[in-house]
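Given only the sequences and the hints, what does the whole structure look like? Please build it.
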Amino acid sequence: HRVLQFQHELRPTAAEIAEELEALHDAMEGPTLGRWARSREWPQQILEGAELEGKSIDTDGQVVSPSQVPPPPRTPTPPPAPPPALGGASSVVPMDARNVSPGKVPSPAAPPPRQTPAPERPAARPPPPPPPPSRSPVMMIGVGIVVLVVLGVLVSVLLAVLAAALYVVA
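So the mapping is simple: the numbering used here equals the position in the sequence shown, first residue as 1, plus 4.
Treat the hints with caution; some may be incorrect.
Unchecked claim - Computed list of lysine to any residue pairs in SDA-like fashion (alpha-carbon distance at most 25 Å, straight line):
{"hint": "1", "residue 1": "K59", "residue 2": "P75"}
{"hint": "2", "residue 1": "K59", "residue 2": "P74"}
{"hint": "3", "residue 1": "K59", "residue 2": "S69"}
Hints listed in this document are in silico derivations from the structure and should not be mistaken for laboratory results.
Now the structure itself:
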């Protein structure tokens, strides 16, 4: 009955409870729960087929067997990209015979003015993917209630086992 005390100083520690349960286990007869579960013959689960097993339902609401489903239409392959233009950037600077330095060494002609191409407009970005579907508040409340009920049952069973164990010991 010490387990149910309101003041925590009067309740036994986990180590004390473990010692009492070990002593109780040694006094009990029969197999452990694990041995019992391993030695028990469990019934085989019988799986039953259903009317729609192996079938598909199309968008018109018709039930179709897999052999009747037409394959999806083929997507045409896009044409290959054109090869890059020849004569692009070059590191060769043309020499002009008229531009000769006083030492009779030809100097490069003034390079032609660079024409920078107009910047290409970036392609429009695809729209962002839709946000994941949110769980409805009603569903979350239902899940919370189920979790609370399961926890309540587990705590009740644990308290009943501890009370029975302490009753047997006392």
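Verification of the supplied hints:
no., hint, in the structure
1, K59 / P75, "holds (15 Å)"
2, K59 / P74, "holds (14 Å)"
3, K59 / S69, "holds (5 Å)"
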